[in-house]
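Trainee: Put together the whole structure using the sequences plus the hints.
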Amino acid sequence: MALASSSSTHLNLGSFTSPNARKGNPLGHISDPFKTQLIVCASSTVPKARFVARRVESVTVKQLERPLMEYMSLPASQYSVLDGERIERVDDNTFRCYVYTFKFFAFEICPVLLVRVEEQTNGCCIKLLSCKLRGSPIVVAQNDKFEASMVNQISCSSIPGNLREQKLTSDTVIEVNIDIPFAFRAIPVEAIESTGTQVLDQILKLMLPRFMAQLVKDYQAWASGDTSRQPLGTGKI
Numbered sequence: 001m002a003l004a005s006s007s008s009t010h011l012n013l014g015s016f017t018s019p020n021a022r023k024g025n026p027l028g029h030i031s032d033p034f035k036t037q038l039i040v041c042a043s044s045t046v047p048k049a050r051f052v053a054r055r056v057e058s059v060t061v062k063q064l065e066r067p068l069m070e071y072m073s074l075p076a077s078q079y080s081v082l083d084g085e086r087i088e089r090v091d092d093n094t095f096r097c098y099v100y101t102f103k104f105f106a107f108e109i110c111p112v113l114l115v116r117v118e119e120q121t122n123g124c125c126i127k128l129l130s131c132k133l134r135g136s137p138i139v140v141a142q143n144d145k146f147e148a149s150m151v152n153q154i155s156c157s158s159i160p161g162n163l164r165e166q167k168l169t170s171d172t173v174i175e176v177n178i179d180i181p182f183a184f185r186a187i188p189v190e191a192i193e194s195t196g197t198q199v200l201d202q203i204l205k206l207m208l209p210r211f212m213a214q215l216v217k218d219y220q221a222w223a224s225g226d227t228s229r230q231p232l233g234t235g236k237i
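The working numbering puts the first residue of the sequence shown at 1, with every later residue one more than the last.
By construction, these hints were calculated from the structure, which means they are not laboratory data.
Listed below are the simulated DSBU-like cross-link pairs for lysine-lysine, each with C-alpha atoms no more than 35 Å apart in a straight line:
(1) K127 to K217
(2) K48 to K103
(3) K132 to K145
(4) K205 to K127
(5) K167 to K103
(6) K217 to K167
(7) K103 to K145
(8) K217 to K132
(9) K127 to K103
(10) K217 to K205
(11) K167 to K205
(12) K62 to K127
(13) K62 to K217
(14) K167 to K132
(15) K205 to K132
Fair warning: this is a prediction, and the values are worked out from it, not measured in the lab.
Mentor: Following this line, the structure appears as structure tokens:
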């Protein structure tokens, strides 16, 4: 999330002739052949910060009558949104997610994510398409001044020597690049990056276990024959 911003100002005072030459000073001819141009360049670059966080979450899932691998192979059009209060379906493969409100320094921020699900042989990959911030005016003003990427690789795998259970894994990486707002520029970049990374870590630490628990619960409902695909989450943490 970083949009480079730079400015350059050129001040051209034009060419001038030595005052001595205009007054007929015999030494004026030394300056007369030269045209002098004064260019003043002032450039500024908006300082940027980068936040990166990764978390891998795994749970062991008991195999039911319908196997977990079959559940993970469902087309995205048959996915449950898991939590009707926080997730809404845009189309077969695209979902809008309302993340919990969190604090960054003194500001409360609520990200709204648009994600696309790509089906894979042993699971799926959730990729961020866009992110919009909700909050105070200064928070909303940052929407055109940052870039974000997220990849959540979800997979299931066998456990050696264990036919009754399988492992469900979520491997998530989030990266944010942002132009540092003017109000924060007195703070060292390192401090901003450290705080931003801690916030992302906390979001993943909070949300991934809950997401995995909802996924397991949805698998259990599906495996028992529930084909309604109704969301089981309530929006509460």
